[in-house]
Amino acid sequence: MPRRDAIAGERKRAAAEVRKIYADLATRPVTRDCTLRAECCQFLLTGKTPYLTTGEALVAAQALKATGRRSFPAREDGACPLLDPATARCLIYDSRPFGCRTHFCQPAGGPYPRRDVAGLIYELEEIARRLGGSEARPLAAAVREFLA
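Counting the sequence shown from 1 gives a position; the numbering used here is that position plus 90.
Think of the hints as simulated: they come from the structure by calculation, not from any bench.
Given the structure is predicted, the values throughout are model-derived calculations rather than measurements.
Be aware that a few hints might be false.
[To be verified] Ranges between beta-carbon positions, derived for each pair:
#1 D206 with E129: 35 to 41 Å
#2 P175 with R220: 33 to 39 Å
#3 T117 with E235: 16 to 22 Å
#4 E166 with E216: 35 to 41 Å
Yeah, the Cβ is synthetic: ideal placement off N, Cα and C, and Gly gets one too.
When you get a sec, could you build the whole thing from the sequences and use the hints?
In structure tokens:
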């Protein structure tokens, strides 16, 4: 059991660090207007899908589980599976991935300049390495790993 406890402890630390990165990002002086915008969540239409590091996937899966869901919602229309079709709101908005916060939505303010967020990206990559992840993966595949 010590190995399982060590993994659980590392995941808890990693999730806290990812949330801290999200909080740090929120203090940056970049104008964003993301409230109820879902244009960027239409993956089929935009041709873009967020890629998540292992830590981001862990936080997203935890947030999805907190909604009472234990599986990844299916979307036949090509929209983000985390976009609630009834409300057009993100199911995990407060825990949405870094890319959703910084890169994907032109109507919300467009992408952050990379130079302004590069340090945070490196921190996310370091957390992923500690969790045994390597490359960022597409949202659905990355989150499903932590739902299993």
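Hint check:
1. D206 with E129: 35 to 41 Å: 22 Å, violated
2. P175 with R220: 33 to 39 Å: With Cβ atoms ~36 Å apart, the hint holds.
3. T117 with E235: 16 to 22 Å: Cβ of T117 to Cβ of E235: about 30 Å, so the range 16 to 22 Å is violated.
4. E166 with E216: 35 to 41 Å: Given about 37 Å between the Cβ atoms, the range holds.
Comparing the model with each numbered hint stated earlier shows that hints 1, 3 do not hold.
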